[in-house]
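K.L.:
One letter stands for each residue in the lines below.
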Amino acid sequence: MAKTLAEINEKIKKGEAVVVTAEEIIDLVDEKGIKKAAQEVDVVTSATFGPMCSSGIYLNIGHSKPKIKLGGGKAYLNEVPVYTGLAAVDFYLGATALPDDDPRNRVHPGEFRYGGGHVIEDLVSGKDVKFVATAHGTDCYPRKSLETWINLKDVNEAVLFNPRNAYQNYNVAGNLSDKVIYTYMGILQPNLGNANYCSAGQLSPLFNDPYYKTIGVGTRIFLGGGVGYVVWQGTQHNPTAPRTEKGVPRSGAGTMAVLGNLKQMSPEWLKGTSMTGYGVTLSVGIGVPIPILNEEILSYTTVKDEEILAQIVDYSEAYPQRKSGSLGEVSYAQLKSGKITVQGKEVPTGSLSSYAKARKIASLLKDWIKKGEFLLAEPVELLPSVESGISFKPLKERPIK
Amino acid sequence: MLKKRLVLTFPQTMVEEPITYRLIKDYDLVVNILRARISREEEGRLIIEISGEKEALDKGLNYLKKIGVAIQPLAKDVRWLEDRCTHCTVCVPLCPTEAIVVDRQRMEISFDKDRCIVCGACIPACPYKAVEILF
Numbered sequence: 003m004a005k006t007l008a009e010i011n012e013k014i015k016k017g018e019a020v021v022v023t024a025e026e027i028i029d030l031v032d033e034k035g036i037k038k039a040a041q042e043v044d045v046v047t048s049a050t051f052g053p054m055c056s057s058g059i060y061l062n063i064g065h066s067k068p069k070i071k072l073g074g075g076k077a078y079l080n081e082v083p084v085y086t087g088l089a090a091v092d093f094y095l096g097a098t099a100l101p102d103d104d105p106r107n108r109v110h111p112g113e114f115r116y117g118g119g120h121v122i123e124d125l126v127s128g129k130d131v132k133f134v135a136t137a138h139g140t141d142c143y144p145r146k147s148l149e150t151w152i153n154l155k156d157v158n159e160a161v162l163f164n165p166r167n168a169y170q171n172y173n174v175a176g177n178l179s180d181k182v183i184y185t186y187m188g189i190l191q192p193n194l195g196n197a198n199y200c201s202a203g204q205l206s207p208l209f210n211d212p213y214y215k216t217i218g219v220g221t222r223i224f225l226g227g228g229v230g231y232v233v234w235q236g237t238q239h240n241p242t243a244p245r246t247e248k249g250v251p252r253s254g255a256g257t258m259a260v261l262g263n264l265k266q267m268s269p270e271w272l273k274g275t276s277m278t279g280y281g282v283t284l285s286v287g288i289g290v291p292i293p294i295l296n297e298e299i300l301s302y303t304t305v306k307d308e309e310i311l312a313q314i315v316d317y318s319e320a321y322p323q324r325k326s327g328s329l330g331e332v333s334y335a336q337l338k339s340g341k342i343t344v345q346g347k348e349v350p351t352g353s354l355s356s357y358a359k360a361r362k363i364a365s366l367l368k369d370w371i372k373k374g375e376f377l378l379a380e381p382v383e384l385l386p387s388v389e390s391g392i393s394f395k396p397l398k399e400r401p402i403k
Numbered sequence: 026m027l028k029k030r031l032v033l034t035f036p037q038t039m040v041e042e043p044i045t046y047r048l049i050k051d052y053d054l055v056v057n058i059l060r061a062r063i064s065r066e067e068e069g070r071l072i073i074e075i076s077g078e079k080e081a082l083d084k085g086l087n088y089l090k091k092i093g094v095a096i097q098p099l100a101k102d103v104r105w106l107e108d109r110c111t112h113c114t115v116c117v118p119l120c121p122t123e124a125i126v127v128d129r130q131r132m133e134i135s136f137d138k139d140r141c142i143v144c145g146a147c148i149p150a151c152p153y154k155a156v157e158i159l160f
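Residue numbers (this note's numbering), protein chains in the order written: chain A, 3 to 403; chain B, 26 to 160.
It should be emphasised that the hints constitute simulated quantities derived from the structure, not laboratory data. Each hint should be verified, as a subset may be incorrect.
As the list claims (entries may be wrong) - Below, a list of computed lysine to aspartate or glutamate pairs in the DMTMM-like style, where the Cα atoms sit at most 25 Å apart:
| hint | chain 1 | residue 1 | chain 2 | residue 2 |
| --- | --- | --- | --- | --- |
| 1 | A | 341 | B | 128 |
| 2 | A | 362 | B | 133 |
| 3 | A | 67 | A | 149 |
| 4 | B | 154 | A | 149 |
| 5 | A | 362 | B | 108 |
| 6 | A | 181 | B | 123 |
| 7 | A | 338 | B | 108 |
| 8 | A | 215 | A | 124 |
| 9 | B | 29 | B | 78 |
| 10 | A | 362 | B | 128 |
| 11 | A | 338 | B | 128 |
| 12 | B | 154 | A | 124 |
| 13 | A | 181 | A | 331 |
| 14 | A | 373 | A | 42 |
| 15 | A | 338 | B | 133 |
| 16 | B | 154 | A | 113 |
| 17 | A | 129 | B | 107 |
| 18 | A | 338 | B | 123 |
| 19 | A | 306 | A | 331 |
| 20 | A | 347 | B | 128 |
| 21 | A | 265 | B | 108 |
| 22 | A | 341 | B | 139 |
| 23 | A | 306 | B | 139 |
| 24 | A | 155 | B | 139 |
| 25 | B | 138 | B | 128 |
Stated by the list, open to error - Partial selection, computed: residues in chain A whose CB lies under 8 Å from chain B:
| hint | residue |
| --- | --- |
| 26 | 188 |
| 27 | 198 |
| 28 | 273 |
| 29 | 277 |
| 30 | 285 |
| 31 | 340 |
| 32 | 352 |
| 33 | 356 |
Note that beta-carbon positions come from the ideal geometry of N, C-alpha and C, so glycine has one too.
Okay, chain B solo, but in the shape it has when bound (with noise of 0.2 Å):
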């Protein structure tokens, strides 16, 4: 089993077409939607977890390439700019995934990228403009 945390861009004339349902049922794979902002005046953006077996995910994967989709690690949409960062821990209650956890002892923040779904809570929160979605 592989699991992958991905960000899928489709253009506005691909809105229609259901690809979590035929990644489901053509390819046999887990999707999970983690954020979605589909419209018809703009691009999608679809935030997927996408777990099942190699060859199965890699067939999945060819799938989307095929039809226009452009795929991209989800890590590469978020990134912490630690030398901003004051770790003041404002941000912290608003982490609905606890992506970003607070060290109790030192009192200094980490972010998990692999526990981030990329919903954007932290952005206006930050004091200091220290985390950045590139979206």
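Just chain A, with the same shape it has in the complex (with noise of 0.2 Å):
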């Protein structure tokens, strides 16, 4: 029997809802089949938290007296970097931004102790945070220099805006190499002598909707602890990426853009990241909760991490040069038991993505839904999928003479 959004929602208005974690969903359709469980339950609620390079915030700080026009001008928070191409004071702070005068790899590996990550982080903490700007003087804007604490709780609009999150799947990464190497998926013993990977797996969000059958432009989602949308598919959305029968992605796959408001959100579930010998960058919590429409899409959501693969690619040669090529494909059921056999050698493993964190978020969001304080949103358009025909495309590099 095919339920809608609609009374979906209404349940959920009226505190009835079913709502389950995608972990929950699992052994209650053992227990009770797909039929009965897709007509019990209304919602599943997936989750994922790990390092999301491709974040950001822009913020409005209002003006100055006199004005200025940071547009063209160089602004730092902090001492990071921010993109200052917009209006008079609108402006974006990337999760990757160092200050200038960071050492990065000068001597090799950069520890990157602060950056943009680390700045959103402050703002969400509450801090107050240095904001130091120069422009070029105007008739209307005539300042030209402009230094101020800002709080988030002071400035204008203040969003997260994430170009691409939450990637479907993941490279498992490992080194061929007889050296150590310090990459964005962390220091990589030489000769394969650990592995590394990032997923939440079975209750990573585009795992449990492996078709983007529900999720789409508008989806309401629990985004660093606050509410936020769905705005997009993420950059490098690759939905024509080899699947299983059972249309798990074995590779990259699905993304999302997500935005929402800043100033709902947490220390809790924004963390700013050092990655040594690589730079900084951003963790984020995201959770979306899936309507349980009908027994397809029930079924979908039944992924265990026995069923989701991922291929295990060379860091020290493979992904830099970008060969193609696995070592081997293993399931997340193995990757999270610690160990893995690659090339008949037994490799331990750790996780970029924190699973406690994820299970964490999808029990918030169920409460959030079950207490009737979080409506389910309706897409007015779902993410491409298999038959948009899109795919990531390599650069062709054209050499300019």
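Hints in hand, dock the two standalone chains.
P.N.:
Listed below in structure tokens is the structure:
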């Protein structure tokens, strides 16, 4: 028996909706079967928490007296440069931005202790942040410099806008070389000394709706501890990636662009992140509710770690040189056990994505919905799926002579 | 039998003093060096696991104090900042002594100070700076 989203929302408003997490649904369907569970369950909550580099915020800080036009000038938050190529007092701060005087990798591996992601964490922690700007000055905006403390509570709009988050699947990173390497997938020991992965697996949003049958522009989500929205497919969205028989992508695949009010968010779910030898980023917590409109949608949410496969990629040579080829395929159940076997060798595994925090988000979102505080939103357009033919293209260089 | 894990700090002038030899030979103690950083330019640091009868151990440690070696229990030197830890587990495979372990049901980390040898491998690995060594 199919349900509509409006019917589910009516039940949520009355406090009668049956909501379970993407983990709980697995046992529930094992026990009751798909048909019965689809009648009973209204919403399945999925979640993820991990470093997501394509993240950032835009702020409007209000006009100083006399006024300054930041556009075309330079501005910094806690010495981290922001992008000013917008209107007078709007700017964007990206998670991976670094202070101009950060030593970076001059002494390798660099520490990257503070950058854009950390400024964002400081802002949502309620800390004052130092704003410094210089501009060219105009008749209507005469001021040429500005130095002031700013605080999230005092600015006008403050919006987290992440062009690519929540990758549907991700590589498992290993190192075949004889030297330690420092990557965005962590420190990788030589000769496959360790292997790192980055996904919440069976809890992760896009694994629970692999063909994007419910998620699209306008989907209301948990974002960084507040309420946000899916606003577009994420950059590098690649629905045509190879899939298993059950539709689970075996590599990268779908992504989401998300947006939400930064003022509602908290440092528990937006964390400045330092990757030694690589740079800074922001770890983001995202939770996506999946409305159980029919049995097919429910069956996707029963996906288990055993059924989700990822490719093991060598980050010393294959990844940086854009060479294709996988060292093998492993399931998230194997990865989460703490060791996998690669080329006959037992390799210990670590994760960059926090399953413990993903679990907490799925449970928080479940509570919000059960209490009637969070209604589901009907997407105005679903994310492009397999039939769109969209695939992620590499850059074809055309040398400039 | 008593067993202790200690951080010994001694000044540059003492780096040629064979203190482990003395502890073993003169005080009949079992000394296992977990980590050492000694150079002529800086003070020496030695992390040891030391065991023996109580009396011998007391005498041995007295000898160290008398010659000017500062003694600290090892545990004081490592701090796991649980409020910064996200339990991601990326540090786990780098820990050589299984001082950082994962409860695979809860997928949460715990830190066993007694197993930690202060090798420092987890420090650069932690994306959230959730481990500190006061070294």
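K.L.:
For each hint, tell me whether it holds in the structure or not.
P.N.:
Hint-by-hint comparison with the structure:
Using a Cα cut-off of 25 Å, the hinted pair residue 341 of chain A and residue 128 of chain B holds, with the two alpha carbons roughly 14 Å apart. A hinted pair counts as satisfied when its Cα atoms are at most 25 Å apart, and residue 362 of chain A with residue 133 of chain B qualifies at roughly 12 Å. Taken as a hint, the residue 67 of chain A and residue 149 of chain A pair is honoured in the structure, with Cα atoms around 12 Å apart against an allowance of 25 Å. Pair hint residue 154 of chain B plus residue 149 of chain A does not hold up; C-alpha atoms about 30 Å apart against a cutoff of 25 Å.
The suggested pairing of residue 362 of chain A with residue 108 of chain B holds, with an alpha-carbon distance near 15 Å, which does not exceed 25 Å. For the hint linking residue 181 of chain A to residue 123 of chain B, the alpha-carbon distance of about 23 Å falls within 25 Å, and the restraint holds. For the proposed pair residue 338 of chain A and residue 108 of chain B, the alpha carbon gap of about 23 Å is at most 25 Å, so the pair holds. The suggested pairing of residue 215 of chain A with residue 124 of chain A is violated, with an alpha-carbon distance near 37 Å, which exceeds 25 Å.
Only pairs whose Cα atoms come within 25 Å are accepted, and residue 29 of chain B paired with residue 78 of chain B is accepted, the gap being roughly 11 Å. As the CA atoms of residue 362 of chain A and residue 128 of chain B are separated by approximately 16 Å, the hinted pair is consistent with the 25 Å bound. Restraint check for residue 338 of chain A and residue 128 of chain B: the C-alpha separation of about 11 Å stays at or below 25 Å, so the hint holds. Restraint check for residue 154 of chain B and residue 124 of chain A: satisfied, since their Cα atoms lie roughly 15 Å apart, inside the 25 Å limit.
Of the pairs offered as hints, the one joining residue 181 of chain A and residue 331 of chain A holds, with about 24 Å between alpha carbons and a cut-off of 25 Å not exceeded. The hinted pair formed by residue 373 of chain A and residue 42 of chain A meets the criterion: a straight-line CA distance of about 17 Å does not exceed 25 Å. This hinted pair checks out: residue 338 of chain A and residue 133 of chain B have alpha carbons roughly 11 Å apart, not beyond 25 Å. With a C-alpha separation of about 10 Å, the suggested pair residue 154 of chain B and residue 113 of chain A falls inside the 25 Å cut-off, and the hint holds.
The hinted pair formed by residue 129 of chain A and residue 107 of chain B meets the criterion: a straight-line CA distance of about 21 Å does not exceed 25 Å. Between residue 338 of chain A and residue 123 of chain B the alpha-carbon distance is near 16 Å, which keeps this suggested pair within the 25 Å criterion. Distance check on the hinted pair: residue 306 of chain A and residue 331 of chain A sit about 16 Å apart at the alpha-carbon level, within 25 Å; holds. In summary, the hint linking residue 347 of chain A to residue 128 of chain B is supported, as the alpha carbons are separated by about 24 Å, within the 25 Å threshold.
A C-alpha spacing of about 22 Å is found between residue 265 of chain A and residue 108 of chain B, which places the hinted pair at or below 25 Å, so the restraint holds. Simply put, residue 341 of chain A and residue 139 of chain B have alpha-carbon atoms about 24 Å apart, close enough for the 25 Å limit, and the pair holds. The straight-line distance between the Cα atoms of residue 306 of chain A and residue 139 of chain B is roughly 36 Å, outside the 25 Å bound, and the hint therefore fails. For the hint linking residue 155 of chain A to residue 139 of chain B, the alpha-carbon distance of about 44 Å lies beyond 25 Å, and the restraint is violated.
Pair hint residue 138 of chain B plus residue 128 of chain B holds up; C-alpha atoms about 16 Å apart against a cutoff of 25 Å. Evaluation of the residue 188 of chain A hint against chain B yields a held restraint, the C-beta minimum of about 5 Å falling below 8 Å. Hint status for residue 198 of chain A relative to chain B: holds, with the closest Cβ pair at about 6 Å, below 8 Å. Because the smallest distance between the Cβ of residue 273 of chain A and any Cβ of chain B comes to about 6 Å, under 8 Å, the interface hint for this residue holds.
Among the interface hints, the one on residue 277 of chain A holds; its C-beta lies about 6 Å from the nearest C-beta in chain B, closer than the 8 Å criterion. Residue-level restraint check for residue 285 of chain A holds (minimum Cβ-Cβ distance to chain B is 7 Å; threshold 8 Å). The interface hint given for residue 340 of chain A is met, as the beta carbon of that residue sits about 6 Å from the closest beta carbon of chain B, less than 8 Å. With a cut of 8 Å, the hint placing residue 352 of chain A at the interface with chain B holds, because the nearest CB-to-CB distance is about 4 Å.
Given the 8 Å rule on beta carbons, the hint for residue 356 of chain A holds: about 4 Å separates it from the nearest Cβ of chain B.
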